[in-house]
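Listed below are the residues making up each chain.
2 protein chains.
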Amino acid sequence: MTSPQKQFNYDPALEELAELFGDRLKTANAVCEQYGKDESFHPSAPPHAVIQPENAAEVQSIVKICNRNKTPIIPHGAGTSLEGNVAALRGGICIDSARMDSIISVNHGDFDAVVQPGVTRRQLNQHLKNSGLFFPIDPGADATLGGMAATRASGTNAVRYGSMRENVVNIEAVMADGSIIQTAKRSRKSAAGYDLTRLMVGSEGTLGFFTALTVKLYPLPEAISAAVCTFENIEGAVNTVIEMIQYGIPIARVELLDELTLQAINRYSQTEYAEAPTLFFEFHGSQSGVEEQARLTQEIADQNQGSQFKWTSNAEQRNKMWRARHDVAWACKLLRPDGQIWSTDVCVPISRLAECINQTRKDIEDAKIIAPIVGHVGDGNFHLLLLVDHENKDEIAAAETLHHKMVMRALEMDGTCTGEHGIGYGKIEFLKLEHGEAIQPMRLIKQALDPNNIFNPGKIFEWHR
Amino acid sequence: MTSPQKQFNYDPALEELAELFGDRLKTANAVCEQYGKDESFHPSAPPHAVIQPENAAEVQSIVKICNRNKTPIIPHGAGTSLEGNVAALRGGICIDSARMDSIISVNHGDFDAVVQPGVTRRQLNQHLKNSGLFFPIDPGADATLGGMAATRASGTNAVRYGSMRENVVNIEAVMADGSIIQTAKRSRKSAAGYDLTRLMVGSEGTLGFFTALTVKLYPLPEAISAAVCTFENIEGAVNTVIEMIQYGIPIARVELLDELTLQAINRYSQTEYAEAPTLFFEFHGSQSGVEEQARLTQEIADQNQGSQFKWTSNAEQRNKMWRARHDVAWACKLLRPDGQIWSTDVCVPISRLAECINQTRKDIEDAKIIAPIVGHVGDGNFHLLLLVDHENKDEIAAAETLHHKMVMRALEMDGTCTGEHGIGYGKIEFLKLEHGEAIQPMRLIKQALDPNNIFNPGKIFEWHR
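Order-wise, the sequence lines are chains A and B.
If you read the first sequence in numbering that gives the first Met the number 0, its first letter stands for residue 0, the second for the next number, and so on.
If you read the second sequence in numbering that gives the first Met the number 0, its first letter stands for residue 0, the second for the next number, and so on.
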């Protein structure tokens with residue numbers, strides 16, 4: 000990388016911003032270092048300064064100054080991204096949404112909420128407590144809704160409730176020219192013009208800064224139950240899920256965990272799950288509905304060599320199970336205390352999922368790397384947690400080869416190089432292989448909407464063909 | 000409108016195309032007239048020629064010739080659009096998808112199908128017969144899937160299954176530069192790059208020509224039942240639906256019909272429905288599930304002054320009810336045999352729906368126009384069928400005023416000027432009012448992806464600011 004100072008003219012932008020924001024413009028190295036790093040293994044690339052605006056008008060003034068000076072802007076939420084999405088590759092100004100954390104309105108009759116971008120998913124659900132409504136999207140981290148929209152995040156509920164793609168109704172964004180747009184109205188449907196909402200969702204901060212979002216909410220189900228079932232192999236588990244969908248069972252969550260993950264969980268969470276390919280299920284519906292769903296699921300699982308099917312309507316038992324699932328990263332970390340986790344994901348058509356996982360497991364074995372697998376199997380999406388010593392070059396090279404093979408396999412199976420983590424700067428080469436000719440329209444859109452390339456430069460794809 | 004010949008150079012394009020396609024390039028006035036008109040009241044604007052390519056390579060050669068000569072291309076499906084979407088406002092070449100009507104593959108395990116753009120929704124469902132799968136999106140007409148994707152169509156099932164926005168997985172499109180892109184892979188989720196799929200869905204043929212689509216399929220429910228219920232007023236009906244959603248009833252269809260619509264139906268379909276605000280319901284699920292859904296719905300309806308709740312699991316009775324609903328346009332036409340139907344729609348947050356409909360009904364009364372209302376109430380979307388004599392200027396003026404008030408009301412309620420018909424050239428002024436500053440990014444995208452403005456020029460928004 001060439002020195003950012005040679006490419007961009009930061010001093011005037013910093014001076015103008017300091018004049019406007021005084022002490023609120025943070026330039027201390029210690030602060031900037033922290034903002035240049037996400038939860039991935041990618042090295043930190045600190046911005047020149049960090050600022051926490053309090054409203055859209057402040058964001059607008061920052062964007063105008065930066066656009067005039069061609070200074071990069073890196074939008075920042077909770078910093079929990081996994082592909083270096085928040086790294087300030089060319090320096091610039093990090094806009095942190097931490098102070099824009101108000102829940103503006105909850106519209107009970109319309110099943111939606113309007114929030115500022117810094118609101119986290121747990122904060123929103125805490126606020127909704129006793130309202131009878133909830134927000135379902137649950138990536139591993141307690142991410143901000145702005146960051147989740149930017150990354151097109153999803154989680155364990157996506158099989159039933161969709162990802163951020165399906166659950167963002169409107170985005171208020173400050174564009175590169177300083178205009179503040181609303182991508183849509185608050186109606187559930189619209190056939191009015193280009194779908195700017197979906198264009199902004201997943202754009203990873205490269206098209207504008209989100210200053211408010213309207214998201215869908217759902218009624219809390221009358222009854223929730225959970226189940227766990229062990230399988231002889233991955234095929235049995237995946238086929239169970241395919242048949243459940245064929246049968247029309249409105250499964251709310253279905254998570255696949257492999258032997259190694261169960262070992263890690265048992266050790267970390269003091270549980271006693273069988274250490275074999277396992278599905279964790281959750282059912283939402285009426286009391287009789289969830290019972291029927293569980294009964295049908297057991298029948299289907301039985302036909303796929305499932306065993307030890309355990310069903311519970313007890314909330315405590317259910318929460319314990321999902322807590323164990325949510326702690327998988329911590330649990331897996333203990334499989335190799337001296338290593339770091341490199342978390343990556345792919346997503347394939349579900350009919351190819353078992354094959355994709357099995358071939359990847361073969362590669363893991365060959366590479367002699369510890370790498371548990373957990374999957375949102377209803378979506379065909381799975382995560383590989385590579386436990387590697389980042390100082391060990393041979394090991395990193397072996398992990399990279401393994402990773403490369405997994406992604407290429409997913410692409411060959413008509414799948415995608417990332418189901419929910421985004422591209423950041425970690426998967427740019429894979430995106431090229433995935434999209435081919437379709438990168439060019441993306442690039443043309445970026446160049447048209449952000450001609451000075453101020454928004455999160457160096458992410459998703461390269462500026463030049 | 001200025002003469003198209005002055006703006007564009009058609010002769011060389013026509014010559015090149017004639018050389019390549021011979022007799023297949025149709026230029027007869029009678030043919031062109033027919034292709035310049037959709038099912039709306041907008042006057043015909045015929046293209047200079049019509050061609051029916053058979054594959055993507057032929058489309059590509061047409062696009063290259065047209066782009067080189069700056070000749071407009073108007074994509075054409077079944078011609079059932081309602082806002083002049085297919086009118087060749089500046090002449091040019093109409094590309095009709097009629098011969099690209101093959102179902103390429105049905106992927107049973109992945110619940111999707113790959114089709115050419117000229118496949119109609121009924122053709123696809125006919126093909127899926129006995130497969131246990133179906134495609135749910137059902138606009139009034141038997142539209143092509145290419146056209147439905149272009150218009151972001153929906154229909155009576157959208158409350159449960161979503162619109163084309165949620166149900167298109169991938170689009171193969173020929174772009175203005177002649178490149179053939181795939182907007183996505185076939186996996187259910189992806190966080191890889193800009194969402195070009197959703198950008199193309201609803202772009203009304205202004206960004207490219209669709210040569211193939213992958214769409215989602217759903218398992219046929221084990222049981223389907225239907226119900227009908229009469230209400231004292233619109234509020235009772237709408238509140239019933241809101242409470243059903245709050246209760247988590249996974250309603251598959253819920254259609255609102257006003258008194259006048261029921262009068263028309265009774266006369267046309269020889270039925271004996273009460274001539275009052277009415278909901279038609281459909282429930283999908285297991286046998287016990289649909290019974291439970293109907294029972295809960297009746298309880299909720301009772302609390303909202305619903306009466307004459309009739310439930311049926313009989314397929315013949317159910318089909319008769321939906322046949323009556325689908326024949327609404329024909330039935331309403333008979334309310335005024337000397338008039339024509341001007342069909343328009345808006346969509347608002349569901350909490351405002353009853354108010355929006357009631358105020359519109361008041362305007363209808365004042366305007367002395369016959370205008371029944373039917374609504375996809377679960378989405379907050381309703382249609383107004385204005386029965387007017389298009390030769391009568393006073394009447395048209397009154398209808399336009401009424402229409403204008405309805406759209407402005409929807410926008411004030413944070414709704415949209417069209418829930419499912421699109422903008423075409425009939426609602427360009429309303430789109431400006433709806434999107435304001437957000438038109439500019441749409442325009443920049445159009446100019447970047449189609450710099451010669453060849454794809455369906457004059458639609459959705461104006462080229463110049």
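Accuracy of the hints is not assured; some may be wrong.
A pair counts as met if it fits within one copy or between any two copies, since identical chains are not told apart.
[Unchecked claim] Pairs of lysine-lysine residues, derived as DSS-like cross-links and limited to a Cα-Cα distance of at most 30 Å, are as follows:
#	residue 1	residue 2
1	Lys25	Lys215
2	Lys404	Lys63
3	Lys36	Lys128
4	Lys215	Lys431
5	Lys309	Lys404
6	Lys215	Lys404
7	Lys63	Lys392
8	Lys361	Lys431
9	Lys309	Lys63
10	Lys404	Lys367
11	Lys361	Lys63
12	Lys63	Lys367
13	Lys69	Lys25
14	Lys332	Lys25
15	Lys128	Lys69
16	Lys69	Lys319
17	Lys392	Lys69
Calculated directly from the structure, the hints in this document are not laboratory data.
All values reported here derive from a predicted model rather than from experimental measurement.
Check: Honestly, which of those hints from before does the structure not fit?
Finding: The structure conflicts with hints 1, 2, 3, 5, 7, 9, 11, 12, 14, 15, 16, 17, although it agrees with all the remaining ones.
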